[in-house]
Amino acid sequence: MQNTLLSLLIWLPILGGGLVILLGNKRATTARWMSLALSVLVFVMSLSLWTGFDSSTHLMQFVEKSAWIAQFNINYHIGVDGISMLLIILTTFSTILVIVTGWEVIQKQPAHYMAAFLMMEGLIIGVFSALDGILFYAFWEASLIPMLLIVGIWGGDNRIYAAIKFFLYTFLGSVFMLISLIYMYNKGGSFSILDMHNLSLTVTEQAWIFWAFFIAFAVKVPMFPVHTWLPDAHVQAPTGGSVILAAIMLKMGGYGFFRFSLPITPDASLQFSDVMIVLSLIAVVYIGFVALVQRDMKKLIAYSSISHMGFVTLGVFALFLAYNPNNLEGALLGLEGAMIQMISHGFISAAMFLVVGVLYDRLHSREISTYGGVINSMPKFTGFAVLFAMANAGLPGTSGFVGEFMVILGAVQANIWYAVLASTTLIVGAAYTLWMVKRVFWGAITNPAVETLNDINGREFSILAILALAVLVIGLYPQPMIEVMHTSIEHLLNQALTSKL
Amino acid sequence: MINTFQFDTASLMVALPEIFLLSAIVVVLLLDLFLTKPFKQVTYYLMQLSLLITGILSFNLIGQPETIIFSNSFVLDDLASVFKVFMMAASMVAMVYSRHYLVQHSLFRGEYFVLVMLSILGMMVMVSGYSLLTLYLGLEILSLSLYTLIAIARNRAGAIEAALKYFVLGAIASGLLLYGMSMVYGISGSLNIAEIAIFANSAELASREVLVLNFGLVFLAIGIAFKLGAVPFHMWVPDVYQGSPTSVTLFISTVPKIAAVAMLVRILVDGLGAMQTYWSDLFMVLAILSIAIGSIVALMQTNIKRMLAYSTISHIGYVLLGFVTGVVTGYGSAVFYILTYVLMSLAAFGVIILLNKKGFEADLISDYRGLNAHSPWFALMMLMIMLSMAGVPPFIGFYAKLFVLQQVMSSGMIVVAIIVIVFAVISAYYYLQIIKSMYFEEGDKKISISAPMDIQLVVSINTILILVVGLFPDFWMKLAVSLF
Numbered sequence: 001m002q003n004t005l006l007s008l009l010i011w012l013p014i015l016g017g018g019l020v021i022l023l024g025n026k027r028a029t030t031a032r033w034m035s036l037a038l039s040v041l042v043f044v045m046s047l048s049l050w051t052g053f054d055s056s057t058h059l060m061q062f063v064e065k066s067a068w069i070a071q072f073n074i075n076y077h078i079g080v081d082g083i084s085m086l087l088i089i090l091t092t093f094s095t096i097l098v099i100v101t102g103w104e105v106i107q108k109q110p111a112h113y114m115a116a117f118l119m120m121e122g123l124i125i126g127v128f129s130a131l132d133g134i135l136f137y138a139f140w141e142a143s144l145i146p147m148l149l150i151v152g153i154w155g156g157d158n159r160i161y162a163a164i165k166f167f168l169y170t171f172l173g174s175v176f177m178l179i180s181l182i183y184m185y186n187k188g189g190s191f192s193i194l195d196m197h198n199l200s201l202t203v204t205e206q207a208w209i210f211w212a213f214f215i216a217f218a219v220k221v222p223m224f225p226v227h228t229w230l231p232d233a234h235v236q237a238p239t240g241g242s243v244i245l246a247a248i249m250l251k252m253g254g255y256g257f258f259r260f261s262l263p264i265t266p267d268a269s270l271q272f273s274d275v276m277i278v279l280s281l282i283a284v285v286y287i288g289f290v291a292l293v294q295r296d297m298k299k300l301i302a303y304s305s306i307s308h309m310g311f312v313t314l315g316v317f318a319l320f321l322a323y324n325p326n327n328l329e330g331a332l333l334g335l336e337g338a339m340i341q342m343i344s345h346g347f348i349s350a351a352m353f354l355v356v357g358v359l360y361d362r363l364h365s366r367e368i369s370t371y372g373g374v375i376n377s378m379p380k381f382t383g384f385a386v387l388f389a390m391a392n393a394g395l396p397g398t399s400g401f402v403g404e405f406m407v408i409l410g411a412v413q414a415n416i417w418y419a420v421l422a423s424t425t426l427i428v429g430a431a432y433t434l435w436m437v438k439r440v441f442w443g444a445i446t447n448p449a450v451e452t453l454n455d456i457n458g459r460e461f462s463i464l465a466i467l468a469l470a471v472l473v474i475g476l477y478p479q480p481m482i483e484v485m486h487t488s489i490e491h492l493l494n495q496a497l498t499s500k501l
Numbered sequence: 001m002i003n004t005f006q007f008d009t010a011s012l013m014v015a016l017p018e019i020f021l022l023s024a025i026v027v028v029l030l031l032d033l034f035l036t037k038p039f040k041q042v043t044y045y046l047m048q049l050s051l052l053i054t055g056i057l058s059f060n061l062i063g064q065p066e067t068i069i070f071s072n073s074f075v076l077d078d079l080a081s082v083f084k085v086f087m088m089a090a091s092m093v094a095m096v097y098s099r100h101y102l103v104q105h106s107l108f109r110g111e112y113f114v115l116v117m118l119s120i121l122g123m124m125v126m127v128s129g130y131s132l133l134t135l136y137l138g139l140e141i142l143s144l145s146l147y148t149l150i151a152i153a154r155n156r157a158g159a160i161e162a163a164l165k166y167f168v169l170g171a172i173a174s175g176l177l178l179y180g181m182s183m184v185y186g187i188s189g190s191l192n193i194a195e196i197a198i199f200a201n202s203a204e205l206a207s208r209e210v211l212v213l214n215f216g217l218v219f220l221a222i223g224i225a226f227k228l229g230a231v232p233f234h235m236w237v238p239d240v241y242q243g244s245p246t247s248v249t250l251f252i253s254t255v256p257k258i259a260a261v262a263m264l265v266r267i268l269v270d271g272l273g274a275m276q277t278y279w280s281d282l283f284m285v286l287a288i289l290s291i292a293i294g295s296i297v298a299l300m301q302t303n304i305k306r307m308l309a310y311s312t313i314s315h316i317g318y319v320l321l322g323f324v325t326g327v328v329t330g331y332g333s334a335v336f337y338i339l340t341y342v343l344m345s346l347a348a349f350g351v352i353i354l355l356n357k358k359g360f361e362a363d364l365i366s367d368y369r370g371l372n373a374h375s376p377w378f379a380l381m382m383l384m385i386m387l388s389m390a391g392v393p394p395f396i397g398f399y400a401k402l403f404v405l406q407q408v409m410s411s412g413m414i415v416v417a418i419i420v421i422v423f424a425v426i427s428a429y430y431y432l433q434i435i436k437s438m439y440f441e442e443g444d445k446k447i448s449i450s451a452p453m454d455i456q457l458v459v460s461i462n463t464i465l466i467l468v469v470g471l472f473p474d475f476w477m478k479l480a481v482s483l484f
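So the sequence lines, in the order shown, correspond to chains B and U. Using our numbering, you'd call the opening residue of the first sequence number 1 and step up by one each time. Using our numbering, you'd call the opening residue of the second sequence number 1 and step up by one each time.
Careful, some of the hints might be misleading.
[Stated by the list, open to error] Stretch-level coverage of chain U by chain B, calculated; a stretch enters the list once three of its residues show a Cβ under 8 Å from a Cβ in chain B:
1) 149-159
2) 389-399
3) 404-416
4) 422-429
5) 434-448
[Claimed, not checked] Restraint-style ranges between C-beta atoms, simulated for each label pair:
6) K187/B / I449/U: 49 to 55 Å
7) L457/U / S499/B: 55 to 61 Å
8) K187/B / F472/U: 24 to 30 Å
No lab work stands behind these hints, which were simulated from the structure alone. Think of the CB as a built atom: it goes at the ideal place given N, C-alpha and C, for glycine as much as any other residue.
So that you can see chain U by itself, here it is in the shape it has in the complex (with noise of 0.2 Å):
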């Protein structure tokens, strides 16, 4: 089954942007063991720098016609250059943000950086992953680059705690998709995703082969949903976002759910797309679940880090279920979703390190009372990035629940898409509850601004995108549908 290797400098044009991420993570490793202390930012500023370069690479690859390469275990289409565009940015903003924090909490040393592009190169070969092996490689450089990123805090009790607690679960996780992807590969005789849709797709299926496909197919969903944050497998998510330094819970927020939600489309879509009918009743639960106990839990929370990783897991209901739909609008609508999932996401965490200070986390919800005397601008900031996130138009959140919604109610699931809307309201609340500290209480301690003006800077644009593609969601929508 396994083509013959090819090998010709042309096809390595299509790997480009992965190429020179590696090369340059290669680079700064080395140059950051002679930076000494003064020059370390140099480190920072060198990445920064790669992921640029790397997005403008992958920019450049939109709309290329769809290349495999590899011996067929790497794919090149407009789903993976336009992730990885969107995988950039966001990373650049999220990096700028972290080393605000990193900087006030004493966390700055340059194998953080270096940690970050490793995922990058991890989540980037998810993105592109057209074998499960490839797809299992790349959710391992990234998931063991995480670890450490969390552990790099090693005087933290709560860092080391969510270290392991993350590691333990994650290699749970990877055995069962490990497990899911042996089981397809033994019924169908290979790991190559278009070979296993040809397989899945053939009319002649015995009743033991749909049986045994069905089984790893569980096991597959199970090993996404974990990636995911799905509930019932979402245990992880709060104590690893609340035990996390901040700045390592905004990037594990962020920028792993889109190369997730790839490695979904590649799996599921791409590969098992005959089994939609499978796979999309078990989505539909853990959607459910995951919406309802994401609403339901955070509205007890004081911690608005945990809060934050609830509220994650019900937008990750949401764009589960915009794949239960199992047309290509819906799964356009998963994509939209997710993309102003991370916006927002970026946004929020933004919020929270801008106000950090040394010694100071800004991690409970009572620490932003009174926040509107002190500072009303980016009091007015997190104003409209809670009300985005409980979905509230005219801000972006609104139009990526009106987008699922609209599909899953086109797909004839009305009842569905009732509880989710009653979910929708009872989340309002927590949300509201920030706002309430924000505005109507009066602080004890003055909240001062000290962060540097990049990153105030980043984070007032951040969230003005909120409101501007909410006003305009049209080319974002049309895309987000354009890449299936």
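If we strip away everything but chain B, and leave its shape as in the complex, we get (with noise of 0.2 Å):
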């Protein structure tokens, strides 16, 4: 019975979202409902994902495997470990929060908004779960046509630019990676990803595939210096949009170091390590001080994930520098780190973007001049945006700090400088997050509107309480989270550390 599990996760919400088309804009209400009723059952759903794994193996569970394209030796083949099983429930998790978001704030066209939610959640449940190269890549292209969608109907007035350079920039990255995959298909005659770990690849061939994924998930993630589409997709996309994108599309791209660029290209990436770890800590503290600067809330809090996301990478690749044969320690603490950093970047840059989200909607405006003691009218919700602040500026007890602080354990191991100069996030998000609370949230009122703001609403009180308890939870008690995936990150690392000349 579990062995269907995975589909259904997959397949439920893409023919409910085309259910819900079906019922079209006029029967809204319905179509609410219905979103609302399937995001919430494929979400218990992806708790027995939870209770049903085994932490004991490093092997794909829940796996599912019958033939697709015999003329390449395709299979529709799917399984989770550690690291995705986790993904898959913040995806699932997320979605609930944007189908509750968009319930009455979007008036256009509300079934169809709904639905591209819905079908993008399947399609990224597809991206986490796929172990063959091309359904992983089919998976992961359909998932920009929703999210082109989005951002391009219900977005803000530059949504069409913001759109186009979205889907381009993420198209041309992922290109790179289909090359790469028929590569080792026309070499290994096999798609399966799990073959790939085990194909050899010469020091070349490694380098050329390393920096083909590179652009791919570089873009994702994204990296410095190929960021520039994020700000201007955040920006405009509905706040729905900015969450998914933050919470779960971002992901993808780290993900995929993990799924691909370890353990296909070990030595390439032992060998471009400095690379990338010199990139990260240019999106650490360049983009941090980006951020500082920004008037825009939207993109204040799209260049603090991008810099947020310097930490993934940053975690992924000193493992290399940290490496010690004796003690495995570090090395694991950045790679546990990192996935930690993106679990928990998931919950606090979603309830960043629904904080600007709700002033938003007041107001229709992400000007932070616009704003200035709105915890004079809103305190509840002044309360419950302090507290994201501060976890986005990674205090102790939140979720924001454990994955930074794992990530600046291993980097000590690699090299004192690369911690010290991740540690200065630390100064310089806080500076820049409590930075714009202070000028929103506090202060005296000088904008007559903002005195007339209505307190959040019983809908957006349980949004945002839903997250506070999880950036909380995960803050003071990661220990279950980092036991599911330890395993499975211990694999990892043996396969990045082995080398396949």
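Mind assembling these two chains? They're in different frames, but the hints should get you there.
In structure tokens, the structure reads:
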């Protein structure tokens, strides 16, 4: 019975989304409730991935495999390990949030809006569970389509530019991945990702494949210098779109490094780890300063996302320097920290975008200067906003701290200066987040419109409360999550440290 | 060399689809003369019926052992039968779309359908041609019917211009092709494909003979490239696509491409397969140029028919790339690509025609503004078609590109694959323009769909096939490879 669970998680939202489209925009209320019911159902089902998960093995679980395109030996092959399982649950969780968020805010084609998010949920779960290269690529590319439409239809004034830039940027990135996949198929006779892990490749081949993967994943993460699509897409996207972009789509890039780059091209990863670390540090430090000067709240959070995702790539590639044959702890800390950072950033960035969304729905402005003294009219809301801002700044006790701390610990073992540079984010991050909080929420009311703001309603309260809970639970007790992924990460570490030459 | 003429009825059965279609043409043409205006629809239905029966007859011939009849000038093999079935299916769909257009623009007359049937007969002869003469004969039946079809809108200056342009350039192409044929005939002493193959394969070819054969080959390749519309022999494509009535553009851009690929297979693969190293170099240049020019020039188009013309040119580039590989699976990938292309192109023009109304051509990209607000269903259809053409999974266009690229890379041409895929990303931009118009922009005028149910239904099925075959492409890929 468990064997069809992953398929259900993928296809239920996709087909359900199709059904919601057929309902049409005229029956918006039914469409909303149906979408909510579907997303909750999928979330509950995805929890049995966690409960049924055997964390003592690194092997893929909940595996399904059947022939799909026999001409190329392509299989419908899906399964999860400790890494992808967490990301799938993050996906199903975030989808509920965006559906509730768009509940009454989206009046233009509401059914299509809900359907787009449902379909995207299924496609992204497909990305995280695919174990066949072409299946992965198909889901990976297909997930661009709903996002393109979400940004383009429900976005802000400059949405068309942002949507097309987003699509072309990521499309260009991923076609090189396709070329590498075909190359490895021609060499090894299989598109299976697990077979590719064992495919022996020369130094030159690994270098080419590594950079091809790099283009695909770095655009998604996004890493400096291919991050420029993100601020545009985030600013223009509707709140729900920003949430999914930041919480999940960026993780697809990080996941790519975990699933493809490290195990398939370990020697090239080692060879180029310095470059990757430098790019990550530029993202962490330089983009942090860029965030400091933003006037637009969404742009500020977008840049802060890039900066935080820099920790993910830092943690991944610091492992080669932190590696000590007698003690795997340093390298392991970096990788696990990167993973925790991805999950935690999923919650925090979602929360931050929702906070901006709440304000935007009321005053239709994202400019920091429009606000000031919001605490006077929206005290409950400000409480949440400050909590999330603290988490974003990496306050101990919140999830933001755990991942960054682990990555920094890993980086210390690699090179103390990397750690020092990375730690500056704790200062810069606190600076841009708290300065924004100060200007938006505290102080005297300067704009008369702020006085008339209503505090959050029950719907908004419940979303923010759930997220606050998640942020605190992970921050205070990350142990279960680390345990679940531990074996998989250890296996990945072994793969990354075993030369293929 | 020419065998004694054998005439027995058993051999006629092999050409049954062609014989039936020819008889049907004669009957329909005569009948049409006696039909008064209210009954003109009868011609249309008779044509559809004839095409259906021809298709069924061809379908029944699938799996027959290769048979060569009529003094070695006509071949029946699976490639021929399968291509004929696809051509009939594509023509029937194209005619469903055409009828709506013809009625809306007062072009509905019986000759139109007779000419279409005649051109289909020409294509069937091309597909089964096993001598240079038969191939040429089929090509001319096709071309002459097409010239007339375009000019059927005789009160439109654009259509007359397109017809003349197509006629003049087509005549030049035919001339080049004939010149190449005469060279090959001159050196090999035969018009028969099999005998040319034996000659080209023979080990003791003098360098002089190779030279003449090569010389002829270049002209043959140019002639075929002309018919396919590959760069630099593509000049006629955008003008003819734009100037012709959309129903004719739809037809020209789909079914004859299958026939041209068949002619390519007959002459270059079956006949001059031994010279593959020579013609694959030519095709490499043609393919890369087609993909590059097709992708870049399309970016600047405002007319959707012209844009699709350039898109066709770049698709043809992929088909040629499949032939460049010189291996059986590579040829299979080219055939899979052309059939995929026909499916997508039919659907794209289907949507364009669907939006046609009296006095409204729906041929500008700006005509699609806000389509999603007025007809979300057909906007979704067009979205799927455009993404499929751009090569985004899970639509069929992606698997066609994947197949060709995989074959190209397994022949060691990785740099070519990278060049091609970069142009695929560039071309995605103009497909996105249509999506942008339909979804992201507000239209200033209301678009209402008044087309009859039959065309709406066929367009929908056609487009859903793009998705469904995309999800399960295995059967079609295997079929395409099995033809060689």
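### Message
Hint by hint, where does the structure go against what was stated? Just the numbers, ascending.
### Response
1
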